[in-house]
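K.L.:
Following the hints, complete the assembly by docking chain H onto the known chain Y.
2 protein chains.
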Amino acid sequence: MLTRLCQLSCKRFFAAYLPIAAVTGLGSVAINNFELRRIGLTVAFSEVQKLKTMASVEETVIVAEAAEAAPAPEAAPVEAAAAPKEKKERAPKEKKEKPKKEPKPEQGDGKKAAGGDAKGLGLKNGKKDNFGEWYSELVVASELISYYDVSGCYILRPWAYAMWEVVQAWFDKRIKQLGVQNSYFPLFITEDVLNTEKDHVEGFAPEVAWVTKCGNTTMEKPIAIRPTSETVMYPYFAQWIRSHRDLPLRLNQWTNVVRWEFKYPTPFIRSREFLWQEGHTAFATQEEAEREVLDILELYRGVYEDLLAVPVTKGKKSKKEQFAGAFYTTTVEAYIPETGRGIQGATSHCLGQNFSKMFNIQFEDDDRQKQYAWQNSWGLTTRSLGVMIMTHADDKGLVLPPRMAPKQVVIIPIPKANTAPEMVQAMMDKVAELKEALEKQDVRVVTDTRNNYTPGWKYNHWELKGLPLRMELGPKDMDNGVVVLARRDTGAKETVAWADVAARVPVLLETIQADMFAAAKARTATCTEVCHSFEEFMTALNNKHMALTPWADEEAIEEEVKKKSTTPDAMGAKTLCLPFEAPELPEGTKCFYSGKPAKNWALWGRSY
Amino acid sequence: MLTRLCQLSCKRFFAAYLPIAAVTGLGSVAINNFELRRIGLTVAFSEVQKLKTMASVEETVIVAEAAEAAPAPEAAPVEAAAAPKEKKERAPKEKKEKPKKEPKPEQGDGKKAAGGDAKGLGLKNGKKDNFGEWYSELVVASELISYYDVSGCYILRPWAYAMWEVVQAWFDKRIKQLGVQNSYFPLFITEDVLNTEKDHVEGFAPEVAWVTKCGNTTMEKPIAIRPTSETVMYPYFAQWIRSHRDLPLRLNQWTNVVRWEFKYPTPFIRSREFLWQEGHTAFATQEEAEREVLDILELYRGVYEDLLAVPVTKGKKSKKEQFAGAFYTTTVEAYIPETGRGIQGATSHCLGQNFSKMFNIQFEDDDRQKQYAWQNSWGLTTRSLGVMIMTHADDKGLVLPPRMAPKQVVIIPIPKANTAPEMVQAMMDKVAELKEALEKQDVRVVTDTRNNYTPGWKYNHWELKGLPLRMELGPKDMDNGVVVLARRDTGAKETVAWADVAARVPVLLETIQADMFAAAKARTATCTEVCHSFEEFMTALNNKHMALTPWADEEAIEEEVKKKSTTPDAMGAKTLCLPFEAPELPEGTKCFYSGKPAKNWALWGRSY
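These protein sequence lines map, in sequence, to chains Y and H.
So for the first sequence, UniProt numbering puts the first residue at 1; every next one is plus one.
So for the second sequence, UniProt numbering puts the first residue at 1; every next one is plus one.
Be a bit skeptical, because a hint or two may be false.
One copy or two, either will do: identical chains are not told apart, so a pair holds if it fits within one copy or between any two.
[To be verified] Okay, derived cross-link-like pairs now, EDC-like style, lysine to aspartate or glutamate, Cα gap no bigger than 20 Å in a straight line:
1) 176 with 165
2) 521 with 367
3) 564 with 199
4) 590 with 555
FYI, nobody ran anything at the bench for these hints, they're computed from the structure.
Chain Y extracted, bound-state conformation (with noise of 0.2 Å):
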């Protein structure tokens, strides 16, 4: 295959290719005859996205599943090529294409299909038995994602996006009713600037992209790009703030920012941008403050719990995984059961009066004396989708909880070969009836109508898309004035009278969301094991659970068992969080690891 690519287009293949390895600062990569040795997962990634880019469609040949596909039929449905040509995209362990002669892009009979089980649309690795490949598989098979060619940076398209504007909207609202007024700060940061807190920037400063040129002119310093806003407008809200009357000062922005980490990226969960919202505020007093830092947080719970129906433990970070410069860090944590690995959700930062001392943020008080002003700052990621598509998908595809899905339900309907046409056409309007009179009760709705796909290439589809409910119409169901609803998360059929649909479907919406939230926090639950002995605790992880210690609250403990509990397959465990709600700490509870008197109760685990 190479060699017939390079043959058509050596030089743009070459001129095209090695930048890309070199971007990626994994290695180099050696091309010895037209063949191509990878190093590394992205490296694979960019290769075959940016092979795709040059070879015109019948030159596709680099996708190797796509031989294994039937010849396309006349009306190829294209979706279904869709899922297993990017399937390549993501497999990150395989070591060599497999090309075949004369493969079409377009593949995936839908009416071969038929019968439910559509081969060549579902995904190829289970969620428990290879989770790291499911989940890459599915971000892109469900159409959330795409690859780029830098690495570390990923396409939101318009499936993620659209959930990123349900939680933008139900954050954004909420914020304004406390009093928060958005904003827009410059990317740019200059390195005077950036230095003004010294535990801040030692924390940001190795994951920092500079702009050192413009056009051809190399600049004379060098600009960083925002990892995060604290120093890009604390010098504002030094002009800006005079006297007690200018606070409380609440601002929040929602944007995107730059830490160029060089850990294992993942989509939604580690990547180089990512999309925010930054909350940055100013109070006169500590007690405020600190009621905002909790009220925040209430809403980060609010957005894993009630819209991603994720369950989350609300916590104080231990002083070694707090944020750099803060006074104390509040987090929501999360819990993927099949790496049995925490997840940090979203945090709020007190930061009490370090960066108003740095940047000189003072206020003028009743009595006209100085004061330094309390700050926190507060953020909520696109990793929460992340979070959300680990807790509830499966083998099948995305199951999104009702309030999240961009569409909530999908209507087939299903005439059979021998249908007779007036009938398919009443079966098509009443789909168009029925659609509107879900949208009338704001149930987000899309139709399947296309005639060229089998119904079960479409139920195939849908469940990849993740969609809460399927209606379907059937000729019986025609005959007997009714619909069938089959929900996503648990597979569960009723029937419903059409004069009910409208009143049905959203309580069953809302039992859904419900359900999968009830679900998932049993999981959480069953996961988490109260540890008294290092013993216990091991045991815990290696089970891939959490553990929840009695602890003695010093760092070099915690580095201790960081580094006692990493085996040659698992990272260590770390404090995820000092849990807001514990068991009680009896007087003379003993630390799990140290045997000193426990001084609060930690939840430990293995992370992201």
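P.N.:
Chain H in isolation, oriented as in the chain Y frame:
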């Protein structure tokens, strides 16, 4: 003053100041004996901001105007200080700070100012006399903008950002109704992808910012920050589009982009980072693509005329002025009478098949033939807010069209010194009641019941902020059961019975919206002259008017006209657009410049 500052914090001063000067790229900075020689506007801004940041409040003696104010009263109105304090930041031609002893940052005694002409709060520069400085002063004083210490970047404060949210909500809803989906593509572009379309990259290359370092690591290949996203997106369009069933593909994103221009930056109008939406779409046929170009242009007209109350001329750009890489560009062009300059409002480009051929975006048509897709791209930026401000604002401050105003009505109670406490309370209750009644009508209301400001100071404050309506409630009004409404745009007042307020205000707001648009439209019409000779053309230009001329539509003519119309005081003129609505062009009409047969009408002007 500098001496004093340096004594206080000499090391920090040098550390902080020098790099900024370097960053601006405008020149070097000489510091001798603590005397600072400024090398142009931007450095001056940065320097003042920086010094203010470093100095504690009492040390901000750099604010020369503050010295002119009376000592702050007991309850010093802080907002009063904001305008003069920040004025310094934008005064572009001041040669020297004039430090005075013991100035206070707080100033502007509300009580002194009673009667309406609150000294110290108004603008120092007039719109007619000194447009550039008036604008710079206005955007800071009205709290839309803060200058930022990276040259050409600005902070959009909540009052400005809320208006951008109005534009976003209006436009986003309408493109979604057209079938456009939102998405998010990365900030970064590899060099090779950026270079794919030759004309395009030539248009943008000089302004591209490059990331070359991450942490302490130098990247093997620099990565560009998007100046626009054609080259970011289209490799993926090529992947996603296989068949005519994948078309149309219509994506949009709301993002920041960076164009490191070295022209004179102006808040909103020309900044190195700005916010915009960019739509990118692909169609099977030219006809569909061209229909969308005009659909979007009509929405852009709607943003300008129906929201911003700014009249625009729809038309096509000349070849010379069209988007780099486009088949053709359509535009809405606005005009600023005071400067006599046209300004591009928003552009909707038909890219034809230029990019689809370079990026290989092909689909299989009904007959299974490969075809290149027809593409468009279209963008609207935060510049639109600047055009609105320039069009409507006056010497007292902003004048916001009601549909754009984050707050539309301010209610101000006006107790007299001798008003009885019960009456004051009754007034406050009535204010709250009126607010509630208006909010039920979706009117955006703010009340100003602060007792440490005089009514006159408040009038000026809210006039500066541009609120369309002020509602006054004094003791006599309480007796008569009425309020007085004062229009910001005309100053006209009317008395309205309490019972009629909820009905009258929404109507009046719409009247103001319509009147503001009509007034602006009349001004623009007056300033457009039909010219048949170059002499008439130059007369029009020198009158600060636009010229509408018959034209032979040749690039060489455009270049020559630009050169010949350049004077020591004014830039040369260019075509703003070839208007869609123009007078008839009878056979034999001659080009105003070349005398050749005219092909079309062109609208010319000096421009932003």
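K.L.:
The structure should be examined with respect to each hint, and the outcome stated for every one.
P.N.:
Evaluated hints:
Proximity of residue 176 to residue 165 under the C-alpha cut-off of 20 Å is found in both arrangements, the shortest distances being 16 Å within a copy and 13 Å between copies. In this assembly of identical chains, residue 521 and residue 367 lie within 20 Å of each other by CA distance neither inside one copy nor across copies; the values are 51 Å within and 53 Å between. Proximity of residue 564 to residue 199 under the C-alpha cut-off of 20 Å is found in neither arrangement, the shortest distances being 27 Å within a copy and 59 Å between copies. In this assembly of identical chains, residue 590 and residue 555 lie within 20 Å of each other by CA distance solely inside one copy; the values are 16 Å within and 84 Å between copies.
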